[in-house]
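> Can you make the complete structure from the sequences, with help from the hints?
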Amino acid sequence: MIEFLAIYADYWVDWSGRLRSAALVTAALSLAGFVLAALLGSLLTWAQRSAHRGLPHAAGVYVQFIRSVPLLALLLAIYFVLPQAGVTLSGFWAGVLGLGLQGSAYVAEILRGGLGSVHKGQREAGLAVGMTPWQVFVNVSAPQALRVMLPPLLNAYVSLLKDSSLCALIATDELMLTARAISSESFLPLHIFLLVGVFYFAIAFPLSMLSRWLEARLARGRRVMGAAT
Amino acid sequence: MNTFLAIVKTLSVGALTALQVSVGAFLIAALCGLALALARTFIHHRLVQASIAAYSEWMRNVPALAHLFVLYFGLASAGIRLSPVTAACVGLGLVGAAVLCDIFTAGLRSLHTGQREAALAIGLTPAQVLRCVLLPQMLRVTLPSLGNYGSQLVKDTSIASAIAVPEIMFYARNLVTSTFETTLIYLAAMALYAAIVLPITWGFANVERRLGVGR
Numbered sequence: 042m043i044e045f046l047a048i049y050a051d052y053w054v055d056w057s058g059r060l061r062s063a064a065l066v067t068a069a070l071s072l073a074g075f076v077l078a079a080l081l082g083s084l085l086t087w088a089q090r091s092a093h094r095g096l097p098h099a100a101g102v103y104v105q106f107i108r109s110v111p112l113l114a115l116l117l118a119i120y121f122v123l124p125q126a127g128v129t130l131s132g133f134w135a136g137v138l139g140l141g142l143q144g145s146a147y148v149a150e151i152l153r154g155g156l157g158s159v160h161k162g163q164r165e166a167g168l169a170v171g172m173t174p175w176q177v178f179v180n181v182s183a184p185q186a187l188r189v190m191l192p193p194l195l196n197a198y199v200s201l202l203k204d205s206s207l208c209a210l211i212a213t214d215e216l217m218l219t220a221r222a223i224s225s226e227s228f229l230p231l232h233i234f235l236l237v238g239v240f241y242f243a244i245a246f247p248l249s250m251l252s253r254w255l256e257a258r259l260a261r262g263r264r265v266m267g268a269a270t
Numbered sequence: 020m021n022t023f024l025a026i027v028k029t030l031s032v033g034a035l036t037a038l039q040v041s042v043g044a045f046l047i048a049a050l051c052g053l054a055l056a057l058a059r060t061f062i063h064h065r066l067v068q069a070s071i072a073a074y075s076e077w078m079r080n081v082p083a084l085a086h087l088f089v090l091y092f093g094l095a096s097a098g099i100r101l102s103p104v105t106a107a108c109v110g111l112g113l114v115g116a117a118v119l120c121d122i123f124t125a126g127l128r129s130l131h132t133g134q135r136e137a138a139l140a141i142g143l144t145p146a147q148v149l150r151c152v153l154l155p156q157m158l159r160v161t162l163p164s165l166g167n168y169g170s171q172l173v174k175d176t177s178i179a180s181a182i183a184v185p186e187i188m189f190y191a192r193n194l195v196t197s198t199f200e201t202t203l204i205y206l207a208a209m210a211l212y213a214a215i216v217l218p219i220t221w222g223f224a225n226v227e228r229r230l231g232v233g234r
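Chains as they are written, first to last, in the numbering used here: chain C, 42 to 270; chain Y, 20 to 234.
Some clues are possibly wrong.
Unchecked claim - So these bits of chain Y aren't anywhere near chain C, every CB distance computed over 12 Å:
#: 1; residue: Ser31
#: 2; residue: Leu53
#: 3; residue: Val67
#: 4; residue: Ala69
#: 5; residue: Ser70
#: 6; residue: Ala140
#: 7; residue: Gly142
#: 8; residue: Leu143
#: 9; residue: Leu162
#: 10; residue: Leu165
#: 11; residue: Arg228
Claimed, not checked - Listed next, the stretches of chain C that the computed footprint assigns to chain Y, with coverage defined by at least 3 CB atoms under 8 Å from CB atoms of chain Y:
#: 12; segment: 102 to 111
#: 13; segment: 220 to 229
#: 14; segment: 238 to 248
These aren't lab readings, by the way, just hints derived from the structure by calculation. Note that the coordinates shown come from a computational prediction; the quantities given were computed from them, not determined experimentally. Idealized CB from N, CA, C, for every residue including glycine.
This is the structure:
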């Protein structure tokens with residue numbers, strides 16, 4: 042055990058700097074992907090709720106497609122197929138696009154649930170006191186929905202963060218690819234892949250805890266089925 | 020069209036491996052997940068609870084790819100050589116154990132304590148209570164989550180191509196380098212995944228309807 046850990050001490054100077062800058066790339070990649078997922082997800086939710094006949098259907102097909110195709114296939118297709126159509130994206134931006142497309146389906150689901158959780162009377166009351174539909178959305182529906190959506194949105198971000206590791210396979214210099222590079226130089230795969238796990242854990246775990254804490258706080262005072270044992 | 024069919028034919032060899040890995044991982048995940056959930060629900064020892072929590076958090080907050088690399092490249096350097104398929108089954112299975120542990124725990128908690136007390140009162144042994152009363156009810160409650168997990172698992176087997184498991188994406192990437200039919204190949208790969216995942220989704224939805232889950 043001591044021997045095992047001593048190796049980290051020996052290599053820490055070399056590894057920590059590289060992994061730290063790679064962690065920044067992972068953070069940027071996952072955040073940009075999540076922003077795109079949030080934008081596309083909102084668009085999807087809007088389409089699903091629109092009165093137009095074709096739009097909800099199209100949105101449904103899109104969600105079903107995204108949910109039945111693995112992210113890796115999406116990433117490789119974006120990275121290798123789009124250039125044939127004249128659109129060449131770097132690994133990073135292909136990653137952002139893939140993560141955003143995949144995440145949008147999940148975000149849309151969360152938004153739908155969140156907006157659905159706000160009682161219909163809230164909107165009607167808002168309209169009755171003379172607010173415009175947009176004012177009702179911004180001042181009445183959205184704030185209440187956000188409370189419900191925050192924990193699952195955080196979970197969606199954690200998933201996206203973990204999924205961003207797949208961008209290593211389309212040559213994005215994020216944590217996983219850096220770990221692979223270090224492993225093939227140092228021949229210490231067990232050490233380096235455990236360490237890179239710790240890096241992901243260090244970002245993901247606090248967010249997971251925050252999500253759970255928020256969920257417990259929001260459930261306070263509300264009777265939830267099966268919560269009591 | 021002929022090229023497309025030829026591609027699908029090659030990739031479906033990989034689809035078989037993907038299914039094998041899915042089934043293997045699902046079995047490991049279900050068995051370990053159930054054991055963990057039972058321990059979490061019925062063994063109130065602090066050390067047991069803490070180790071299950073630690074296991075679950077580690078598995079769920081680290082990417083599956085990292086787990087696979089540790090098992091495949093990491094253990095090999097420590098002298099334990101797993102075949103790619105074994106490493107994929109074990110890796111995805113261990114991650115799944117943490118996921119299913121949470122699902123099963125929630126399922127067990129959703130059952131009324133009276134169920135267990137009544138079963139014990141009429142003279143069933145604890146093992147019988149579990150097998151005949153608690154588990155069937157828990158299974159019914161957790162069915163939708165199990166379906167989600169199953170279809171997610173099939174998609175996650177694509178990650179195993181990174182440790183050279185000859186599944187769909189592995190064949191797809193090899194085909195691309197030899198034929199350059201990039202668009203067709205990735206389209207075929209996606210279609211194959213959808214052809215596996217959609218029936219699973221629909222199948223579970225069907226069973227849920229029959230069992231009246233969510234009544």
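> List, from low to high, the hint numbers that the structure doesn't satisfy.
none
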